[in-house]
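Asker: Listed below are the residues making up each chain.
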Amino acid sequence: MSTRYTVEIKDRHDGGKAVNAHVVRDVDLPTIRIAQGEWSIWLGRAEMDAENRHGLHVPHDIKNAHLHWNWEAKAIHAQASIGLLMEFMGVELDGTMQGLMWLQKQEAGSAMLMPGKAQGQPTSYIHYLAVAHWNAREVVVNPRYSRVGSILLRAAILVSKQEGHKGAIALHSHPQADSWYSAKCGMTDHGPDPAYDDLHYFTMSPNQAKAFLV
Amino acid sequence: MTLEKVDFDFPSSWLQKCDALEDGACFTAGALSLDGLASRMAEFVKSPFVSQYLLVALGTLVHQQRVEKGLSIDKLATDAEVDVGDLSLLEANGKNFLGIESRKIEHIEFEPRQIFNLAKVLDLPVIALNKLAGLTAANDSDLYGEAVRFAASSKGTDHLSSHERNVLKDFIRLLAKE
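These protein sequence lines map, in sequence, to chains S and A.
Position 43 of the first sequence, counting from 1, maps to 43 under this note's numbering, and the rest follow consecutively.
Add 1000 to the 1-based position in the second sequence for this note's numbering, that's all there is to it.
Since the hints were made in silico from the structure, they are not lab data.
In silico DSS-like cross-links for lysine-lysine, where the CA-CA straight-line distance does not exceed 27 Å:
{"#": "1", "chain 1": "A", "residue 1": "K1155", "chain 2": "A", "residue 2": "K1005"}
{"#": "2", "chain 1": "A", "residue 1": "K1120", "chain 2": "A", "residue 2": "K1177"}
{"#": "3", "chain 1": "A", "residue 1": "K1069", "chain 2": "A", "residue 2": "K1169"}
{"#": "4", "chain 1": "A", "residue 1": "K1120", "chain 2": "A", "residue 2": "K1095"}
{"#": "5", "chain 1": "A", "residue 1": "K1017", "chain 2": "S", "residue 2": "K184"}
{"#": "6", "chain 1": "A", "residue 1": "K1177", "chain 2": "A", "residue 2": "K1095"}
{"#": "7", "chain 1": "S", "residue 1": "K105", "chain 2": "S", "residue 2": "K210"}
{"#": "8", "chain 1": "S", "residue 1": "K210", "chain 2": "S", "residue 2": "K166"}
{"#": "9", "chain 1": "A", "residue 1": "K1017", "chain 2": "S", "residue 2": "K210"}
{"#": "10", "chain 1": "S", "residue 1": "K105", "chain 2": "A", "residue 2": "K1095"}
{"#": "11", "chain 1": "S", "residue 1": "K184", "chain 2": "S", "residue 2": "K166"}
{"#": "12", "chain 1": "A", "residue 1": "K1155", "chain 2": "A", "residue 2": "K1120"}
{"#": "13", "chain 1": "A", "residue 1": "K1120", "chain 2": "A", "residue 2": "K1169"}
{"#": "14", "chain 1": "S", "residue 1": "K184", "chain 2": "S", "residue 2": "K105"}
{"#": "15", "chain 1": "A", "residue 1": "K1120", "chain 2": "A", "residue 2": "K1075"}
{"#": "16", "chain 1": "A", "residue 1": "K1005", "chain 2": "S", "residue 2": "K210"}
{"#": "17", "chain 1": "A", "residue 1": "K1075", "chain 2": "A", "residue 2": "K1169"}
{"#": "18", "chain 1": "A", "residue 1": "K1005", "chain 2": "S", "residue 2": "K166"}
{"#": "19", "chain 1": "S", "residue 1": "K184", "chain 2": "S", "residue 2": "K210"}
{"#": "20", "chain 1": "A", "residue 1": "K1069", "chain 2": "A", "residue 2": "K1177"}
{"#": "21", "chain 1": "S", "residue 1": "K166", "chain 2": "A", "residue 2": "K1017"}
{"#": "22", "chain 1": "A", "residue 1": "K1017", "chain 2": "S", "residue 2": "K17"}
{"#": "23", "chain 1": "A", "residue 1": "K1169", "chain 2": "A", "residue 2": "K1095"}
{"#": "24", "chain 1": "A", "residue 1": "K1069", "chain 2": "A", "residue 2": "K1120"}
{"#": "25", "chain 1": "S", "residue 1": "K105", "chain 2": "A", "residue 2": "K1155"}
{"#": "26", "chain 1": "S", "residue 1": "K184", "chain 2": "S", "residue 2": "K17"}
{"#": "27", "chain 1": "S", "residue 1": "K105", "chain 2": "A", "residue 2": "K1005"}
Work out the full structure: start from the sequences and follow the hints.
Answerer: Given below as structure tokens:
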């Protein structure tokens, strides 16, 4: 069953006004299906809107990448694997998911589910993290809601602590996000991972997590 | 491993710090293609870790179906020509889902004939039972996921709740499709 925690995000389109959203733990498959539909429909409409007032700039590769980023398939994979050791989380505002994350609460036997350099490491692993297209800097010039990515990262650290990993987390970042994870979040960049599309592998140690949470 | 009590909180002071951190930031993590994940899943479902879960699900299944049919463990052992000690261990595994993490699962090897007999006596699909027992490969992540959910739903008592009975029926229906 899903659990919800109130959190404030900011609406940049309304002068940075704070609005009450929720961090949702254990997001279920129907919710993920709806979120994916909403994200895809938004992107399709925005692309067609030549007079997009939010200054949409969708490079073709990014757009295709997002469209093919099938959250429903991810959820089915996660459920088919050790469901008790996996968790989908999201930030929801007024019934719409503003960001989603799939976290693996690493346990010994499930190590092989983690890719490349992450395999077997004693950490919670973020398989996927993304904010909704209207909040994504790589999709729109003026993203709408802020704090969503940071909140999901904090949630991953908190789960890691709950699971006994002292806040240690790891992920493979997209090139556009590398600088955020290293310079802003203080994670360690282990360089490109040849076993995982050459995405950079990042880790956050318990000490780094402690600094991030303050 | 000691689990830490953690407040799942998002304090205002921390959120304000994020405002500065997020300026111009992108957040996307994880590969766009699902190919890698699919191949890792395929390897995963063949692993010893998964075999343990399947064996636990088999123990739960045999125990619950035996209770449903009103058979004693001795009677089932006799009818299926299975050692009563092995059967007891199998059912004990089924009652010990959380024992997987503490490595308390007894590995029991059954012969194909014994699984066939158990399936016949308990009115269960033999092909699926062979997969759960590890006698044939269970390269099927759906079966694995359902088996884990089924085993986790059991309270391990000798009286099935209506919820357990419904889950049991659903699981047997799924096994029949294997």
